[in-house]
Structures are given as structure tokens and as C-alpha cells.
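Line by line, the protein sequences are chains A and B.
Per this note's numbering, the first sequence starts with residue 1, numbered consecutively.
Per this note's numbering, the second sequence starts with residue 787, numbered consecutively.
Honestly, the hints are just simulated from the structure, not real lab data.
Glycine residues also receive a C-beta, built at the ideal position from the N, C-alpha and C atoms.
Careful, some of the hints might be misleading.
Claimed, not checked - Reference excerpt, derived from the structure (chain B facing chain A, CB under 7 Å, subset only): (1) Trp893; (2) Glu938; (3) Tyr939; (4) Arg946; (5) Ser972; (6) Leu976.
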Amino acid sequence: MTRAVSSARSPLAWLIAMGGFIAYLGLVFVLSPARLSPEVSLPWWVAQTAPPVLYALLVFAVARPRSGRYLVGGTLLLWAVHLLVGVATEVLAGAFQAPGGPGAVWAFPPPPMSGLLWVPLLLVPLRDALRGDSRARRPSAAARVQGRPPVLRPAPAASTSPATGRAPVDKSGVPRAARVASATPVMSMDVRYDSGRRPAPAAPATAAKPAEGAASSEASEGRVGRKETRAVPETSHTQRLLDDLLAKERSDEPVRISFERVGSQLPAEAFSVPIAEVAAALEEPERLLVPRRLALAQLPEGIVRVGWEVVAGQFPRPLLALSDEDIKGRLPNGQLVLPLDEVVRQFSPELFLPAGPGPDVRAIESFPAPFQPIVGLDHGRAAAVASPPEATAAPPPATEPLVAVRAAPPEPGEPQWAPVIELDDIDPEPLGSAHVPTGPVEQVPEAEAPSSLDRVPINVPLEAAPVVAPVAASPRVEEELSAWPAERVLAAAPAEPPEDSATWSLDDAVPAAPAPESPELSSMRGDLAAARALASLLGPSGPLEVDVRVVDGVELFTVTSTGLGEDLAPTAARLILPLLADGRAPWPIDQVTLRGPRAALVLTLLGPLAAGGPVLAATVHGGRSLALLEIRCRAAAAGYAARMHVVPADAAASTDERDEPDLLDVEPSTRLREVASSLGALGPVTASALRDAEADRAIYLFLPPGSDVRMVGALANDLSRAMREAAATGMVWSVAILRSGSRRMVVRLPGAASACSDTIVAAGETTRPGLAYRQVEHAAAALGAL
Amino acid sequence: MSIINYAKKEISFKIVYYGAGVVGKTVNLQYIHRSLPDDNRGNLISLATGDERTLFFDFLPVSTLSVRNFVAKFQLYTVPGQVYYNMTRKLVLRGVDGIVFVADSQWDRLQENVESFRNLEENLREYQYDLDELPYVIQYNKRDLPNVAPVEYLEFMLNRRPRRVPCFEAVAVDGKGVFDTLNMVSRMVLVSGFAKEQGVHQ
Numbered sequence: 001m002t003r004a005v006s007s008a009r010s011p012l013a014w015l016i017a018m019g020g021f022i023a024y025l026g027l028v029f030v031l032s033p034a035r036l037s038p039e040v041s042l043p044w045w046v047a048q049t050a051p052p053v054l055y056a057l058l059v060f061a062v063a064r065p066r067s068g069r070y071l072v073g074g075t076l077l078l079w080a081v082h083l084l085v086g087v088a089t090e091v092l093a094g095a096f097q098a099p100g101g102p103g104a105v106w107a108f109p110p111p112p113m114s115g116l117l118w119v120p121l122l123l124v125p126l127r128d129a130l131r132g133d134s135r136a137r138r139p140s141a142a143a144r145v146q147g148r149p150p151v152l153r154p155a156p157a158a159s160t161s162p163a164t165g166r167a168p169v170d171k172s173g174v175p176r177a178a179r180v181a182s183a184t185p186v187m188s189m190d191v192r193y194d195s196g197r198r199p200a201p202a203a204p205a206t207a208a209k210p211a212e213g214a215a216s217s218e219a220s221e222g223r224v225g226r227k228e229t230r231a232v233p234e235t236s237h238t239q240r241l242l243d244d245l246l247a248k249e250r251s252d253e254p255v256r257i258s259f260e261r262v263g264s265q266l267p268a269e270a271f272s273v274p275i276a277e278v279a280a281a282l283e284e285p286e287r288l289l290v291p292r293r294l295a296l297a298q299l300p301e302g303i304v305r306v307g308w309e310v311v312a313g314q315f316p317r318p319l320l321a322l323s324d325e326d327i328k329g330r331l332p333n334g335q336l337v338l339p340l341d342e343v344v345r346q347f348s349p350e351l352f353l354p355a356g357p358g359p360d361v362r363a364i365e366s367f368p369a370p371f372q373p374i375v376g377l378d379h380g381r382a383a384a385v386a387s388p389p390e391a392t393a394a395p396p397p398a399t400e401p402l403v404a405v406r407a408a409p410p411e412p413g414e415p416q417w418a419p420v421i422e423l424d425d426i427d428p429e430p431l432g433s434a435h436v437p438t439g440p441v442e443q444v445p446e447a448e449a450p451s452s453l454d455r456v457p458i459n460v461p462l463e464a465a466p467v468v469a470p471v472a473a474s475p476r477v478e479e480e481l482s483a484w485p486a487e488r489v490l491a492a493a494p495a496e497p498p499e500d501s502a503t504w505s506l507d508d509a510v511p512a513a514p515a516p517e518s519p520e521l522s523s524m525r526g527d528l529a530a531a532r533a534l535a536s537l538l539g540p541s542g543p544l545e546v547d548v549r550v551v552d553g554v555e556l557f558t559v560t561s562t563g564l565g566e567d568l569a570p571t572a573a574r575l576i577l578p579l580l581a582d583g584r585a586p587w588p589i590d591q592v593t594l595r596g597p598r599a600a601l602v603l604t605l606l607g608p609l610a611a612g613g614p615v616l617a618a619t620v621h622g623g624r625s626l627a628l629l630e631i632r633c634r635a636a637a638a639g640y641a642a643r644m645h646v647v648p649a650d651a652a653a654s655t656d657e658r659d660e661p662d663l664l665d666v667e668p669s670t671r672l673r674e675v676a677s678s679l680g681a682l683g684p685v686t687a688s689a690l691r692d693a694e695a696d697r698a699i700y701l702f703l704p705p706g707s708d709v710r711m712v713g714a715l716a717n718d719l720s721r722a723m724r725e726a727a728a729t730g731m732v733w734s735v736a737i738l739r740s741g742s743r744r745m746v747v748r749l750p751g752a753a754s755a756c757s758d759t760i761v762a763a764g765e766t767t768r769p770g771l772a773y774r775q776v777e778h779a780a781a782a783l784g785a786l
Numbered sequence: 787m788s789i790i791n792y793a794k795k796e797i798s799f800k801i802v803y804y805g806a807g808v809v810g811k812t813v814n815l816q817y818i819h820r821s822l823p824d825d826n827r828g829n830l831i832s833l834a835t836g837d838e839r840t841l842f843f844d845f846l847p848v849s850t851l852s853v854r855n856f857v858a859k860f861q862l863y864t865v866p867g868q869v870y871y872n873m874t875r876k877l878v879l880r881g882v883d884g885i886v887f888v889a890d891s892q893w894d895r896l897q898e899n900v901e902s903f904r905n906l907e908e909n910l911r912e913y914q915y916d917l918d919e920l921p922y923v924i925q926y927n928k929r930d931l932p933n934v935a936p937v938e939y940l941e942f943m944l945n946r947r948p949r950r951v952p953c954f955e956a957v958a959v960d961g962k963g964v965f966d967t968l969n970m971v972s973r974m975v976l977v978s979g980f981a982k983e984q985g986v987h988q
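Chain A with its partners taken away, still in its complex shape:
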């Protein structure tokens, strides 16, 4: 690990130099009386010019000076020392010799030799100074005052005591390795991103205006480009802020984190006992101890992580069922994310107060406030909630437009300064291979706009164009198709959309006049064509593989992003679809979304399950927004239903055939009721709790008043079992979202891979499903389930 202390400030470096000098004195003391000076046959000028040449080479090779100025300076410095040593050698040799003996400096040792023996050792302490960048390696002023290093970085892997099986822990409960590591200085905040920082779209170092006195000499000399001149003060400003922050913090008390809030991040199989016992057996029961400065150094980032190796020593080794490497490997980036609120509360608020003056806005006083809202209007939350019209919530047609746009010519009465929005050069980055048409977009007159123009449905005023994703059939499908006459394949399933994509629709996928063939072949061909057409309507999801399967009597059109297993959707569908049939769901479900770390699956019912579906299963890579995909799946389903004249299932789900769920009622805790109030996007909900006695799991439910709690709980319980079953096969789904019109039911499984974990269920009518999902995530976090 690189030490950030200048070599000139290293005592060891100076000890080495001093040791060399003492050795040199000893040599003179021993050799001078013996008169063992060698004869030098070189001319005297060679002896005088050889040292500077040699020193220049040494400075260049060892110190790597950043400019010729430092090279010359270093060489002259060493040469001057060399001459001083030569003079000292004469004096010392004279002192050690008998009177009348040869005392000339040339006698012993020859001046080049005397200097060359010791002077190069000066490079050990002076190499940083001769390099010319000692400023960058110098500890900050604040750190010097404090006498401690400036910035911290997460610790490396803690060593484990072979005797106890534990990492050594100091008196404060913090592992020694962590304390040592936390005291390791790092000069740039960026270094913290090295480990564990998840990729960000654009996360450059914080820019800063060239601060006072921060302009580098290079910048002033005009030898550095613009970017470089900006980068130097950037780092220095950030560094200075961090140094100030660390200088303010004088306590070494570790930060104490409730284990229940981070324990769920650890894999359940990491421990040989239940997690509650692990918490009680910690070094400090129920608490994890984190080095204070390690947490402090991360506070500017809005997230605090700690590597497993930092806290591993606090876990009794006998309770661990996996090695440290295994546990670390199962954590995201090998780190635990600490609850930020707990961390921040343990620091003084004064720590975050800015040191400088407040914002200077004196000049604005010459301008009055330009905007005054109309007084007396009801601008309350009710209006805001009511504003999203049905048109917004309703799925747009399959040919959802992608923008495009240029303002229409101003209409009479419209302000002449209505802007022209040029988006012709927009990068279709989020649009994949979609075709983006250009054309005018009319601004909707206020009288025509729905709900006071809060939202202009994007399908109304804009020129619509379908989004066509590259669709590729799976090898199996291609194989089947290849067995058919080519003209039939082309007639049946256009692999590529027609050039005029604006006219491309589901109709194109269905053969207008099928050729005579066997019923099975005809059916398969039609299914493949329909599946391909559906896939083409799903938008820019990257290359897709299309397949048709039959799962438990239900036809499944699978559309899978390349790189994901082709069995992912069928396997999940086999587990999930039975839960949606035969009236087990309290509401008729039209779409199910499963989210996991690796993949996401959107199951959209195209027809009644009792009649064999079909079901559209779109599988894409995880970690992305699914809103658009869900909308397009529903739009594709609507198009399919219209084309195929699908008779909708009976909306009233029969409950007669359902067994009474084996769930025990549990009195909801106060905490649960508090969390219920945070789920505003789902409307008013009440908290309930059930317990699956057989599996010893709790189910926390947040449902609208009057809901059949046990029925929803039974469905959620079955769903969570199915997700756990899927996790056992390697498919991890952590969230399931069931859609029924404007109603959403979110089932959150804290750890899908866990054998014992509680389930959180929230349901209700919502016009903001994204917000609802996020609120459920918050609720799960608040309940310590994440």
C-alpha cells in the first residue's frame, strides 16, 4: 500500500542516510592509518566530472524528477555534498594519520570514491523532494496539527488469529486490522471508489472552482491545458474539505450500528445458528462496531459501506458456517451498506456546518420576485393526487411514440415565443434501435387537454411510430422454421418488420391466407408468428430470443434477452402461474412482474389461464426500469386480445374452492402501524400480520381497509414459497408485483435465498406504481427486512 508521507519526513530514510555516513567515517578511520589508498591513474578532471554525471543518472533513475529543473537541482545538491565530503575526508584523514604523513585529499580515498560511497544514500530521504511533487504527498495542515493521518480508506482483509479463529480486536471493540487500515492515509476521495463503489453513469470527482491559492505553478506558467488546470484545484478543494472534516472529528469512539438493520444483507447460510443468536453473540451484543473515521470519510457520498473483513472479527467464529471469503463473495462488492441515519446521528451536527460564509445573493435585491402564484386556488395535495388522469395510467397503444419533436406553428392567440424544440440530433441512447421519426408536435390547447394539462398523453399529440426491437428466434425455433418451405415461413412470420414500420402491427404477423398444411404445423406457425410479432412490439430491449412453450397446459410466448437462460421464464411460470388460476388470487391478475438481481420477468396474460392462456413472458436483465416494458407488454396483450377476439376471464374470482389458509393472526406492532402511514401511494392502508406456523415465517400486510387479509396473506405466502423454491434452483426473485387494473400488490421477500425470512405485502389502488414500489422498499428497510 502506498504511504502518502514524503520520504523527507520518514525517520527510517534518514536513519539509512545517517548509517551510511557513519559507515563512511568508519571506513576513513580504518583505512587512513593503514594508508591503503589506491592509486588512481585517471586525470584529475575525470575524477571531478565523473561524480556529477553519475549523480545526474542516479537522480534521474531513482527520483524520476518531473522536470529538468529538479534534475539539475538534485544533481547540483548531491555534487555539493560530494565536495563537502571530499573536504571532510581530507580533514578526517589528516586527523587519523601520523604527523607528517600524506594528508592530501587526493591520497585517501580518492574524492570520487569517498563521495560515491555515501552521497547516493541521500537519495533515500530526498527522493520525493527531488521528484518535485512533495506537495502532493505532504500531509494536510489539519492532519499535521492533529498529528494523525488525513483520510481513511476501508481496511484490507483482517488477519485472523489461528488460536481463536477471530481477528484480533482492540479494547474499543474494533478489529485491529480495521483500526490499522482506517489509519492508512489516502490523499484523494476518489480512492474510496476503488472498492465497492457501484458503477455510476458519470461520477467524476467533484469539480471546484480554482480556489484561493490553489492555482498550480504549472497553470500560471501556461504549460498545462484547461482540463489539467481545473483538475488540480478540484482535488485540492475536495481534499481540503475532507481534511477539515476529519480534523473536526476528535473522537475515536466506534460507530455502533444495529445489527438487525444490516443482518439481512448477510446470507442466511453464512451462519450455523439463527440470525437472532448471531446478534446476541456479537462482540457487542446486537451492535456492529465500525471505525469512526472510516464511516466519516464516506459521509460526503450519501452512503456508508464497510467491508466484511472490517467487521468479521466481531462474529464468533464457531457461528460462521462459511469462510470469510465465501461470505464476502456473497455480499455486493464484499461490503455491507450501513443505515445512514444511524451513522449520521452518531456525529455531532456541528460537524456538518459549513465553515465559510453563506450564499451571496445581495445582487438579486435589485429584482423583485418575478412570479407570484394565484392566491386562493386549491393547490393542495388533493389536487395533485387527482391530477393524473386516467389517460396517464392507461397503457398507451403499442405504437408508443418516442418523441420527436418540433413545436407546431403557433396557433392564433398562442404566445409567439413558444419555443422550438430541436431534438433531431438527440441520441437515441435509451431507445435502442428504435426508429425515431421527426415531425411536428402540436401543443395541446388547454381546453382540449385532459385534467388541466398536467399530463399530455404522449400518444395523443405526437406522431406515433412503433418501436421495433431486433428480434431473433432461438435456435430451436429457427430449426423448426428451417424445416418448412421458405415461402411458408416468410408468409407466416416476418422475421423483420416491413420497411414502413409505421404500418407494422400485430396484423402483419398473422397469415392472411394460410397454405394447406397440417393443423399442428399451422398452429405452431401461427404461435411463433404471434410471439414474434408480440416481441417486436416490446420496444428496445436489445436482441431478443423468441420461443413458444407449453407449461402445465398454458401456452407461453417467451421473449428473452440474450444472455439469460431460455428456461428462466418457463421455470418461473411453472411456479407462479398456478397461483393466478382457479380463483386463488383475490383479484383477477393481468400482469405479474418478478424482480431479481440478475433478471426481471414480466408475465402478461394474453388469455384466460383456464383456457390455456397464452401468456407473454418477457425476461430482461435486472437492475433496470421495467415501467416501459410493462406498459408495452400490456399494450401488446391488448392488441393480441383484439386481434384474436380473446374472451376475458370471469373477473369475479370464486373463493368457494379455496381452502382456509393455515395462517395465524398476529397483533401488528406499533412499528408496523407507523410504517403503514408511509405507504401513501397505495392509498390508505392498514397494517396486519400473519404467521405461517409451519414455516415459522411472518407476513406483514399493508392492505386497504376491508380487504380479505387472510386471503391476500395466503396468496402472498404461496407466492413467497414459490419464489423461495425458485431461489433453490438458482433463480432469485426478491419482489413480485401483481397488477390488476389500477391495483397493485407488491410482495417483498427480504432474502429470496433465505430459508427463513419474513414477507412484506402491500396492496392498493394507485396511479403511481413506481412510487408505490419504492415506498414498499422503504417499508421493508424500515422493518429491517433489507
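Place chain B on chain A using the hints.
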């Protein structure tokens, strides 16, 4: 950059509401649109997905009374907050005169705020804009929610550049702080715009 029409005595500014996804940028514009008199506002164009996420941008033109014999007009934009729409964000930032950085006050959104702020800096840098010279304010939204971070900490994260800027607590869905934010950034933009104009003519 501001556009001045001397013939019509008009000056136009572009203000961009920037921030991470689902922080309330569009809600700000919606409230402004609802609250301004008809004479002072145009139509709100909003391109959003079904779950209310901005797909490309929102646009709202508003105007004010005469300022120093000029009619000041502001074009208010939002950007899509999701990380993968960066090209769109960059495009919307072109020619920006003022910025409102909207931050979500909730604990678990703080990292996204920081990343979005850095993304703003990076995108501005590509246009050779300097955030320390550009008028901008910070709005800490959703202050009505229970799990919000203290303002001191939010300021510590987002407002610790050499030049500190005004910040506002807001509950945009209720309109709290919305016009305070808009008026402040508008006045800062006016100061900057007219100062540049005077510099040109001196």
C-alpha cells in the same frame, strides 16, 4: 444562453430542473403551471411513462412582468432522472441559464442525489460551463416524509462547493417552497443575464 430581442424588448432564459429520478422535478413544474395566471404561462408539455417518470423532458414557458423595460421570459425544463437517459439530460442542458437542483430528502435517496449532482457537473463541463459561475439553487424536496435527512447533512453533501448557493426546503406536491425556489433562481438568472448584457455594451 439568454436570448435578447431588442425589437420586442424581450429577454428569454432557460432554467432546467435537474435531479435524480422521482425526486419531484415534474411536480414542481406542474405546480407552477397550475398556480400561475394564464397570461404568464404557456402550455405544459410533459412526456412521461405510465408510472409518471419523465421520458424525455417537461417543458413550461412562463413570463413575467417587465423587468427594466424588458419582458423576461423563462423556459422551464426538467430532465429525465434515470441514469440511462444521460444523453437527453445533456441535450436539455444546452444553453442553460439557470439550474434548480432538486434533491430527495429521504435517507435512502441521498447517494442518488450525490451521483446526480456529479452527473450535472460532468454534463456541464462538456459544454464548458462552470457550475461556480452558473446561477443555480438547490431544493430539498419531500420534507414532509418521515424518513428525511437533516438539512445540515444535505447541505454538507450537496452545497459545499467554494461558492455556496441558496437552498430551499420544499414539499413540491403541496407547493411548499416551489415558488421560493423558482423566484430565487429567476432573480439570480436575471442578475447574471443583465450583468452580462451590461458587460457587452460597456
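| query | Hints broken by the structure, by number, lowest first? | reply | none
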